[in-house]
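Can you build the whole structure from these sequences, using the hints too?
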Amino acid sequence: MVEIAYAAPSEREEVAQFMNTVFVKAKWDIDGWRRLVAGRWCGPEGRYAITVRDNGRLMGVLGLVYAERITAEGVRTTADMTSWYVLKDLRGQGVGGRMMALATSDPAVTVTNFSSAKAAVSVLERAGLEVLDRERLVWLPSELPKFEVHDDPLSLGDRITAKDRRIISDHQGLKLRHLAVETPDGLCVMVVYPQKKHDDYVTHEIMYLADQPLFARHAARIAASVLPAREAILSLDRRFAAPGITCDDVRPFATPRFCQKGLLHPSEIDMLYSECVLLNIKIH
9 MVEIAYAAPS EREEVAQFMN TVFVKAKWDI DGWRRLVAGR WCGPEGRYAI
59 TVRDNGRLMG VLGLVYAERI TAEGVRTTAD MTSWYVLKDL RGQGVGGRMM
109 ALATSDPAVT VTNFSSAKAA VSVLERAGLE VLDRERLVWL PSELPKFEVH
159 DDPLSLGDRI TAKDRRIISD HQGLKLRHLA VETPDGLCVM VVYPQKKHDD
209 YVTHEIMYLA DQPLFARHAA RIAASVLPAR EAILSLDRRF AAPGITCDDV
259 RPFATPRFCQ KGLLHPSEID MLYSECVLLN IKIH
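Position 169 (the sequence shown) corresponds to 177 in my numbering; numbering is contiguous.
Hints are supplied without guarantee of correctness; some may be wrong.
Computed cross-link-like contacts, EDC-like style, restricted to lysine to aspartate or glutamate with a CA-CA straight-line distance of at most 16 Å [as the list claims (entries may be wrong)]:
(1) 204 - 239
(2) 96 - 62
(3) 269 - 141
(4) 171 - 76
(5) 183 - 160
(6) 154 - 193
(7) 126 - 138
(8) 154 - 190
(9) 269 - 133
(10) 290 - 160
(11) 171 - 114
(12) 269 - 114
(13) 183 - 159
(14) 205 - 239
(15) 126 - 141
(16) 171 - 219
(17) 171 - 278
(18) 269 - 159
Derived Cβ-Cβ restraints for the label pairs, each shown as a range [to be verified]:
(19) 97 - 193: 53 to 63 Å
(20) 22 - 208: 37 to 47 Å
(21) 208 - 228: 14 to 24 Å
By construction, these hints were calculated from the structure, which means they are not laboratory data.
Note that the structure is a prediction, hence the values are computed from the model and not measured.
Positions of the beta carbon are idealized from the N, C-alpha and C atoms, including for glycine.
Put into structure tokens, the structure is as follows:
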């Protein structure tokens, strides 16, 4: 009998081992899979995956990175989809659709997908996810006067907000840059993800932006201040761009970002608390 359910805490190692076996092209080892299912932001008893079992045998998984986020409307829960696989014996029987239906069934949870393969887009759309964003704004290095940049915002004490402190604390030890930029209008706190997507330069992806209007007023000088070399660009998803912002270029994503509609405003759905930062995935 085929059973589809949320994975129990006791199944974490089995799920990690299954992922390590079936995802043969993954660029990380079993420790990466363990990190993915560990529940870093939802605790050891929280949800982390959906499993498919046939007479007790594990036949499929859908990873879900749950987190509680501080938003303008209070604390809200998100779940980032990751690592979906069903063994061939059960394909073509509607199992994948049932897994997706369960993943998106909780009205109190906003499901996201930031790094889908092109082949999976139709599946996300059938599950009711909608396009969150299609393009990024880009800034190139420049010779503009630089602002002072703090690379340890937590050291600034009460100059940063409780929300910023929580976000930065939640993401310590990952391959991210936590920055606070001194502008004439105040401190601009941001979390940046450096990624080598192109042979000629490193993309510094803004994963979180505390004050979007402040960034918009000083975007070019902030870019000049935080980019570490000429062989780098600064990138910001369109939904985080406040009115009046200008940039050097606009570039489409290879595949759009997706999310469930309704609970959160798009400008609050950043790319932290996701598989991207846990596994150091290149974002399209």
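Here is what the structure says about each hint:
Our distance criterion of 16 Å between C-alpha atoms is met by residue 204 and residue 239, whose separation comes to about 10 Å. Distance check on the hinted pair: residue 96 and residue 62 sit about 13 Å apart at the alpha-carbon level, within 16 Å; holds. As the CA atoms of residue 269 and residue 141 are separated by approximately 12 Å, the hinted pair is consistent with the 16 Å bound. Only pairs whose Cα atoms come within 16 Å are accepted, and residue 171 paired with residue 76 is accepted, the gap being roughly 12 Å.
With a C-alpha separation of about 14 Å, the suggested pair residue 183 and residue 160 falls inside the 16 Å cut-off, and the hint holds. A hinted pair counts as satisfied when its Cα atoms are at most 16 Å apart, and residue 154 with residue 193 qualifies at roughly 15 Å. Between the alpha carbons of residue 126 and residue 138 the distance comes to roughly 14 Å, so the proposed pair stays at or under 16 Å and holds. The suggested pairing of residue 154 with residue 190 holds, with an alpha-carbon distance near 10 Å, which does not exceed 16 Å.
With a CA separation close to 12 Å, the supplied pair residue 269 and residue 133 stays within the 16 Å bound. Between residue 290 and residue 160 the alpha-carbon distance is near 24 Å, which puts this suggested pair outside the 16 Å criterion. For the hint linking residue 171 to residue 114, the alpha-carbon distance of about 25 Å lies beyond 16 Å, and the restraint is violated. Restraint check for residue 269 and residue 114: satisfied, since their Cα atoms lie roughly 13 Å apart, inside the 16 Å limit.
Distance restraint check for residue 183 and residue 159: the Cα-Cα separation of roughly 13 Å lies within the 16 Å cut-off, and the hinted pair is therefore satisfied. Distance restraint check for residue 205 and residue 239: the Cα-Cα separation of roughly 12 Å lies within the 16 Å cut-off, and the hinted pair is therefore satisfied. At most 16 Å may separate the alpha-carbon atoms for a hinted pair to count; residue 126 and residue 141 meet this at roughly 15 Å. This hinted pair checks out: residue 171 and residue 219 have alpha carbons roughly 12 Å apart, not beyond 16 Å.
Between the alpha carbons of residue 171 and residue 278 the distance comes to roughly 14 Å, so the proposed pair stays at or under 16 Å and holds. Restraint check for residue 269 and residue 159: not satisfied, since their Cα atoms lie roughly 34 Å apart, outside the 16 Å limit. The hinted range of 53 to 63 Å is satisfied by residue 97 and residue 193, whose Cβ atoms lie roughly 60 Å apart. Look at residue 22 against residue 208: about 43 Å separates their beta carbons, and that is inside 37 to 47 Å.
Checking the proposed 14 to 24 Å range against residue 208 and residue 228 shows it holds: the Cβ atoms sit about 21 Å from each other.
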